[in-house]
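**Student:** Taking the hints into account, I'd like the entire structure generated from these sequences.
Chain order of the listed sequences is F and L. All residue numbers for the first sequence refer to my numbering, where the first residue is 1 and numbers rise by one. All residue numbers for the second sequence refer to my numbering, where the first residue is 1001 and numbers rise by one.
If you're looking for bench data, these hints aren't it; they were derived computationally from the structure. The beta-carbon is built from N, C-alpha and C at its ideal position, and this holds for glycine as well. Treat the hints with care, as some may be off.
[To be verified] Across the chosen pairs, the derived CB separations fall in these ranges:
1. Glu-73(F) x Gln-1147(L): 47 to 57 Å
2. Ser-69(F) x Leu-1100(L): 26 to 36 Å
3. Leu-1128(L) x Pro-23(F): 55 to 65 Å
4. Ile-1168(L) x Lys-41(F): 27 to 37 Å
5. Ala-1162(L) x Pro-39(F): 24 to 34 Å
6. Ala-1162(L) x Glu-44(F): 50 to 60 Å
Next come the chains, spelled out residue by residue.
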Amino acid sequence: MTHFKGTITGANGGLMHLSVVGPENFHFDKNYTQSFNEPIKLSEGSYIVSMQAASPGKFVFDVVDGYKSIDPEVPDSFNKSIHVYELQV
Amino acid sequence: MIKYLNVIPGILISVSAVAMSQNLDKTQPMTTLAREIVRDQSNSDAETFGGYLSAVGQFVGKGGNTVTFQPRIFDLDKIFCHNNIEVDTDYARTAWERNLQINAGVTPNSKNLFSNPTNVQMGFTFALINNKEIPLEDYKSVVDSYQIYTGMQSYLTEQIYAIGNDTIKTIIRKIINHQDYSSLPKFLQDSVQKKFGHSISKMMEIPENLMDSLSHILPRRPQLIADINAIHGLGNRGEAGLDLKVSFSSYIFIQKKADVDPQVNLSASYSLADDITQSDVNISRSTLDVTAGINTIFFSRFDLKPGISYTNILSGLYAHERMISYSPTVSFLIKITEKLVAVIHWSYNTDNAASTANFKLKTSLE
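**Tutor:** Here it is as structure tokens:
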């Protein structure tokens, strides 16, 4: 199980959206507010992960367990934008 | 003298309780966006009726000795009946709940805060025109726009995944992460343009544009408020009366937000009260107040609002009292945290050469 985690600090609400696309037509999409810890069962292969933080405030994104590599490295921090990651499971 | 008509110096602490639903459903982005829109309002706007720190309770400390509770029906509904209700839950139906506020208060005697109160107060405040609320059509627009934005993110993720060449995939990823959207390959630009009708750069600006337009314009719109408050003296102490008040407030420049921002408040009030200085005498008194202030925001955290207040006592003039008076006023508001605002309000009455001040803390228990 791969855990996707995110937290926005300094925003009252903090709006986020996670999108994961991978082999065998795997597509995961979900909205979150303030913080989240989403366990997703991923089969072996390459994935594209995009993380969006639409709110002002510092956003920290992390991926824990169940993967071989991720580029760029996590934990990653950004605000009010979308970051895209290449994930190897 | 009818004391309760005057500004009461003292300490005000108000508390708002807006429980946050942890449920994540399709309305969540709207709720969150709405909350952030109102959060971005200035400290001064937080003071308005239905501002983002809507008052559930207020306490006026020593000196004023008045304890008041001012929940909106919506806040009570949330606390006692439907704790999962959000501002966008059945938005149209709950409009009256958001626009109606109860004012209940008690004035303890000066020696003991908790017993033998001098008088009790009860009343209502109703927003006749509440343009500071997000109109339903704008609300729908917020949701639709955010859904389009997340739809584009999802689509982009799919498109990047579908690229066979790992080097190109990495380059595109890096371009997006550096927010240099105009450098993205043409096939990707065209694909997004065709599907969503806008360029990637334009689409990426959606959340910020949404926040900006609504958070800048909404607080500046006019608001018309009606108050009816009754006061009843207990025992042989205190005073009794009825206060009717209509207030209008608005920024002068509604469409743009500037660091220096003129704001106008007008109010007309009518009071019917027993004058305790002359037993069994009913005094009816009507006044017109006009306050104009210029709000200045410093470092997004401090508001300074100097102004001038004009008062015209149309009827019920007391002896030695002037019909027309002017009072300089200054309000200083500090956003201590996102959920805690402190307000210091000072005014000087040129009629009796008296200055009054109060300190207020407003917080949200979200």
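**Student:** All the hints need checking, so say for each whether the structure fits it.
**Tutor:** Results for each hint:
1. Glu-73(F) x Gln-1147(L): 47 to 57 Å: Distance hint for Glu-73(F), Gln-1147(L) is violated at roughly 31 Å.
2. Ser-69(F) x Leu-1100(L): 26 to 36 Å: Because 58 Å falls outside the window, the suggested range is violated.
3. Leu-1128(L) x Pro-23(F): 55 to 65 Å: 60 Å, holds
4. Ile-1168(L) x Lys-41(F): 27 to 37 Å: The hint (27 to 37 Å, Cβ to Cβ) holds, given that Ile-1168(L) and Lys-41(F) are roughly 29 Å apart.
5. Ala-1162(L) x Pro-39(F): 24 to 34 Å: 26 Å, holds
6. Ala-1162(L) x Glu-44(F): 50 to 60 Å: Once the Cβ atoms are compared, 19 Å apart, the range 50 to 60 Å for Glu-44(F) and Ala-1162(L) is violated.
In summary, the numbered hints that this structure violates are 1, 2 and 6.
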